[in-house]
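Trainee: Sequence:
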Amino acid sequence: MRTTDGFPSPLPAPDPTGLQEFAVLLRRMNGEFNRIAQEFAHAQGLHLTDVQALIAILDADSESDADAGAEAGQPMTPGRLRKRLNLTSGAMTACLDRLERTGHIRRVRSADDRRVVHLHYAEAAKELARDYFMPLARGTDAARGRFSPAELRVVVRFLAEMNRELALLRR
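The sequence shown begins at 1 in the numbering used here and counts up one residue at a time.
Since the hints were made in silico from the structure, they are not lab data. Since no wrong hints were added, every one of them can be taken at face value.
Derived DMTMM-like pairs: lysine to aspartate or glutamate, alpha-carbon spacing no greater than 25 Å straight-line:
{"hint": "1", "residue 1": "Lys-126", "residue 2": "Asp-59"}
{"hint": "2", "residue 1": "Lys-83", "residue 2": "Asp-113"}
{"hint": "3", "residue 1": "Lys-83", "residue 2": "Asp-59"}
{"hint": "4", "residue 1": "Lys-83", "residue 2": "Asp-97"}
{"hint": "5", "residue 1": "Lys-83", "residue 2": "Glu-100"}
{"hint": "6", "residue 1": "Lys-126", "residue 2": "Glu-100"}
{"hint": "7", "residue 1": "Lys-83", "residue 2": "Glu-165"}
{"hint": "8", "residue 1": "Lys-83", "residue 2": "Asp-112"}
{"hint": "9", "residue 1": "Lys-126", "residue 2": "Asp-141"}
{"hint": "10", "residue 1": "Lys-83", "residue 2": "Glu-161"}
{"hint": "11", "residue 1": "Lys-126", "residue 2": "Asp-97"}
{"hint": "12", "residue 1": "Lys-126", "residue 2": "Glu-39"}
{"hint": "13", "residue 1": "Lys-126", "residue 2": "Glu-32"}
Pair ranges (Cβ atoms, derived):
{"hint": "14", "residue 1": "Val-117", "residue 2": "Thr-17", "range": "44 to 54 Å"}
{"hint": "15", "residue 1": "Asn-163", "residue 2": "Gly-18", "range": "16 to 26 Å"}
{"hint": "16", "residue 1": "Ala-94", "residue 2": "Asn-163", "range": "23 to 33 Å"}
{"hint": "17", "residue 1": "Asn-86", "residue 2": "Glu-32", "range": "18 to 28 Å"}
{"hint": "18", "residue 1": "Arg-101", "residue 2": "Gly-145", "range": "32 to 42 Å"}
Backbone N, C-alpha and C define an ideal beta-carbon position, used for all residues, glycine too.
Please take these sequences and the hints and turn them into a complete structure.
Mentor: In structure tokens form, the structure reads like this:
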């Protein structure tokens with residue numbers, strides 16, 4: 001397409017709040033998070049799936065109702081974790097065995113029903129992860145500091161809505 005003066009018409013400027021820009025930014029952020037998680041996994045002699053399991057175990061106590069349903073705020077179990085990570089029973093057992101062997105998690109039988117096993121992130125491993133991910137926490141806090149409280153509420157609302165949509169895609 002050409003303008004009236006015979007030159008090609010300029011491409012429309014990208015919409016900074018359009019779907020395409022969101023997709024690019026979310027992919028970049030996801031890629032960076034995955035890179036950091038992969039580096040942590042490698043440093044700990046773990047698989048990336050093991051790190052995903054650790055994150056799910058850590059977050060189990062703070063899951064929203066939309067994510068966990070009736071299990072919100074409950075300790076993670078191997079069955080829930082297997083479904084969350086979409087793993088076979090054998091792969092889940094191997095993952096949990098690695099995490100337990102390396103001191104990252106503890107398996108604890110439920111006092112109410114001894115058949116139920118709860119998964120807990122070991123305190124020493126939490127400290128190790130906290131130290132490793134401290135630069136990410138500082139970077140996150142620096143980025144947050146460049147936004148007003150009202151803007152942060154919108155960002156949090158957007159992220160919560162994205163997580164709800166992603167949870168729907170998982171089902």
